[in-house]
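Number of protein chains: 2
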Amino acid sequence: MMDICLLGTGGMMPLPYRALTSLLVRCKGKGFLIDCGEATQISIRRRGWSFHDIDTILITHFHADHISGLPGLLLAMGNAERHEKVLIAGPRGLQHVVQSLLVIAPRLPFPLEFREIDGQEDCFSIDDMEITAFRLEHSMTCYGYSLHLPRAGQFDPEAAKKLGLPVQLWHVLQKGENAEYEGRVYTSDQVMGPPRKGLKVTYATDTRPVERIIEQAKGADLFICEGMYGEKDGPEKAREKKHMTMQDAAQLAKKAGVPELWLTHFSPSMVNPLEYEEEIRAIFPAAVIPKDRRTKELRFED
Amino acid sequence: MMDICLLGTGGMMPLPYRALTSLLVRCKGKGFLIDCGEATQISIRRRGWSFHDIDTILITHFHADHISGLPGLLLAMGNAERHEKVLIAGPRGLQHVVQSLLVIAPRLPFPLEFREIDGQEDCFSIDDMEITAFRLEHSMTCYGYSLHLPRAGQFDPEAAKKLGLPVQLWHVLQKGENAEYEGRVYTSDQVMGPPRKGLKVTYATDTRPVERIIEQAKGADLFICEGMYGEKDGPEKAREKKHMTMQDAAQLAKKAGVPELWLTHFSPSMVNPLEYEEEIRAIFPAAVIPKDRRTKELRFED
Numbered sequence: 058m059m060d061i062c063l064l065g066t067g068g069m070m071p072l073p074y075r076a077l078t079s080l081l082v083r084c085k086g087k088g089f090l091i092d093c094g095e096a097t098q099i100s101i102r103r104r105g106w107s108f109h110d111i112d113t114i115l116i117t118h119f120h121a122d123h124i125s126g127l128p129g130l131l132l133a134m135g136n137a138e139r140h141e142k143v144l145i146a147g148p149r150g151l152q153h154v155v156q157s158l159l160v161i162a163p164r165l166p167f168p169l170e171f172r173e174i175d176g177q178e179d180c181f182s183i184d185d186m187e188i189t190a191f192r193l194e195h196s197m198t199c200y201g202y203s204l205h206l207p208r209a210g211q212f213d214p215e216a217a218k219k220l221g222l223p224v225q226l227w228h229v230l231q232k233g234e235n236a237e238y239e240g241r242v243y244t245s246d247q248v249m250g251p252p253r254k255g256l257k258v259t260y261a262t263d264t265r266p267v268e269r270i271i272e273q274a275k276g277a278d279l280f281i282c283e284g285m286y287g288e289k290d291g292p293e294k295a296r297e298k299k300h301m302t303m304q305d306a307a308q309l310a311k312k313a314g315v316p317e318l319w320l321t322h323f324s325p326s327m328v329n330p331l332e333y334e335e336e337i338r339a340i341f342p343a344a345v346i347p348k349d350r351r352t353k354e355l356r357f358e359d
Numbered sequence: 058m059m060d061i062c063l064l065g066t067g068g069m070m071p072l073p074y075r076a077l078t079s080l081l082v083r084c085k086g087k088g089f090l091i092d093c094g095e096a097t098q099i100s101i102r103r104r105g106w107s108f109h110d111i112d113t114i115l116i117t118h119f120h121a122d123h124i125s126g127l128p129g130l131l132l133a134m135g136n137a138e139r140h141e142k143v144l145i146a147g148p149r150g151l152q153h154v155v156q157s158l159l160v161i162a163p164r165l166p167f168p169l170e171f172r173e174i175d176g177q178e179d180c181f182s183i184d185d186m187e188i189t190a191f192r193l194e195h196s197m198t199c200y201g202y203s204l205h206l207p208r209a210g211q212f213d214p215e216a217a218k219k220l221g222l223p224v225q226l227w228h229v230l231q232k233g234e235n236a237e238y239e240g241r242v243y244t245s246d247q248v249m250g251p252p253r254k255g256l257k258v259t260y261a262t263d264t265r266p267v268e269r270i271i272e273q274a275k276g277a278d279l280f281i282c283e284g285m286y287g288e289k290d291g292p293e294k295a296r297e298k299k300h301m302t303m304q305d306a307a308q309l310a311k312k313a314g315v316p317e318l319w320l321t322h323f324s325p326s327m328v329n330p331l332e333y334e335e336e337i338r339a340i341f342p343a344a345v346i347p348k349d350r351r352t353k354e355l356r357f358e359d
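Read top to bottom, the protein sequences are chains A and B.
In this text, residue positions in the first sequence follow my numbering: the first is 58, and each later residue adds one.
In this text, residue positions in the second sequence follow my numbering: the first is 58, and each later residue adds one.
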């Protein structure tokens, strides 16, 4: 299971009625946060989710609206008695940027580990969660992220019985490990079916609507994508500022064939993004124009 | 006239229902901000006051809850088309701290000027406004601030007539300048009475209740002071963390003889500071336990 909360839907600056875009994902007792703008910690409090369990913070890029809340969040995590390491991943230069910001929070009660991302793509795992960072096209180096929780194949008890394995060893193979019994080694694939569909969420902001996003979003259960402008002259503004329109995002979702799209990172000039809903849904019917803190529980099929 | 808005009343971390302590003062088209924590810019928006006119930012100290919102505020000021210089004053090391924070806002459309404060006291003026920074006693170097708008004496038209000065020159003397007429120099004090009572607000947080605060608050029309704890074991916590209690603040206000005290910088653990109101008013009847964005207009007497 993956719990997903879009903590805010705004871009550029936090507004009284619209928090900055940031995503919190909970899975198996671990928290993954993508971006942390000013007041993201307030939105987490409003949602009532824990600070303590945020193990991984993924930063898309270093514009203030995506990272300015980091010192405050890390201090709040310290106040929530976190002592375990926190991993922060983001573009090259991350450690310098974070350490500069931490001039006002020089002592945290937990260590930080940095993963600086380079090149077009970077894949790494945090326990079961597979994270893919993929390069976007913005006015500075920026990455989108996919979080993928794989699911093992189905266990075949008949196969295990045929091998003559005692029941006490079944759980070892079910976890994907090898089991040894009476001098012989048994491998997981002898008793497990092919991997089943896992859970995946893909997050892309701030960026032009490049092809790579379609490839990355394929297979996602939920695609969260910026749609900074909706208005008539949106395409022009989006080109100029290296963003995309809600219509662009809907096209990407359509091409990726995802079951659901949430738009986000609305321009402060866009007072009511819902006025474009009909137009967007004509392109991609499963588009959602969410309110702050929209939440969804992704569950394995069947 | 001085417009005063206490943008928040919280300490340590911003809460959904309580913004961090910060004060915005407007006077003659200029804005003076004391402290800028995470989400202070949201509180300014909520109040509806302009970002554009904030000319002076006074920082008490470098704990995150008093300065973490600075990059976001400066960016918002840039978005509000500010191009004129902004003065930032604060303890020694200010420029290094602010420039570190600005790693995520490297290009602002206005220049910054820094005034690093040292020693026990520092006085400077921004146009008519006289600012006094005074050293507090906290776990790091910290300053309180008084903002004083002086008021000239009353103009005496009879005296001006006696001097034989034409009416067209009166306004020169009224502004405190010298006037020349038929080869003679006339000075302001020849037609103006003694200076009248001006307007003054004094702001002190985070600190132990040291004597110096009483001296500084004397003559203030409004004294804004931290009262981090109200509970029974408050004095112990306050000593340990180099803060003060609401009761301490009330004693300071009483000794300074101010007409009004606003308490602020409430601990996140204090859910309802109003429960201590009766006790505090028994010490100092003109104590106010304000809500965020409490506003007051100070006007000259008569």
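Quick caveat, the hints were computed from the structure, so don't treat them as lab data.
Some hints could be false.
The list cannot tell twin chains apart, which means a pair is met if one copy fits it or any two copies do.
[To be verified] Within a straight-line C-alpha distance of at most 20 Å, the following computed EDC-like cross-link-like pairs (lysine to aspartate or glutamate) qualify: (1) K311 / E335; (2) K312 / E297; (3) K298 / E138; (4) K348 / E173; (5) K294 / E138; (6) K87 / E237; (7) K298 / E288; (8) K311 / E138; (9) K353 / E272; (10) K298 / E332; (11) K219 / E332; (12) K218 / E170; (13) K312 / E194; (14) K85 / D110; (15) K254 / D60; (16) K348 / D213; (17) K353 / E173; (18) K87 / E268; (19) K298 / E194.
Treat the numbers as computed from the prediction; the structure is a model and nothing was measured.
Comparing the hints with the structure gives:
1. K311 / E335: The answer is within: 15 Å in one copy meets 20 Å, while 63 Å across copies does not.
2. K312 / E297: neither (24 Å within a copy, 60 Å between copies)
3. K298 / E138: This pair counts as between: shortest inter-copy Cα distance 18 Å, intra-copy 41 Å.
4. K348 / E173: neither (32 Å within a copy, 43 Å between copies)
5. K294 / E138: Between. Shortest inter-copy distance 18 Å satisfies the 20 Å Cα cut-off; intra-copy 44 Å does not.
6. K87 / E237: Result: close neither inside a copy nor across copies, 31 Å intra and 78 Å inter.
7. K298 / E288: Within one copy, since 15 Å is at most 20 Å while 52 Å is not.
8. K311 / E138: neither (44 Å within a copy, 39 Å between copies)
9. K353 / E272: Neither, since 23 Å and 57 Å both go past 20 Å.
10. K298 / E332: Classified as neither; 22 Å inside a copy, 51 Å across copies.
11. K219 / E332: neither (62 Å within a copy, 72 Å between copies)
12. K218 / E170: neither (45 Å within a copy, 78 Å between copies)
13. K312 / E194: Intra 18 Å, inter 62 Å, cutoff 20 Å: intra-copy only.
14. K85 / D110: within (10 Å within a copy, 49 Å between copies)
15. K254 / D60: within (17 Å within a copy, 61 Å between copies)
16. K348 / D213: neither (44 Å within a copy, 63 Å between copies)
17. K353 / E173: For K353 and E173, neither the intra-copy (29 Å) nor the inter-copy (49 Å) Cα distance is at most 20 Å.
18. K87 / E268: Answer is neither; intra-copy 31 Å and inter-copy 49 Å both fail.
19. K298 / E194: Close inside one copy (11 Å), not across copies (47 Å); limit 20 Å.
Of the numbered hints listed earlier, those contradicted by the structure are 2, 4, 6, 8, 9, 10, 11, 12, 16, 17, 18.
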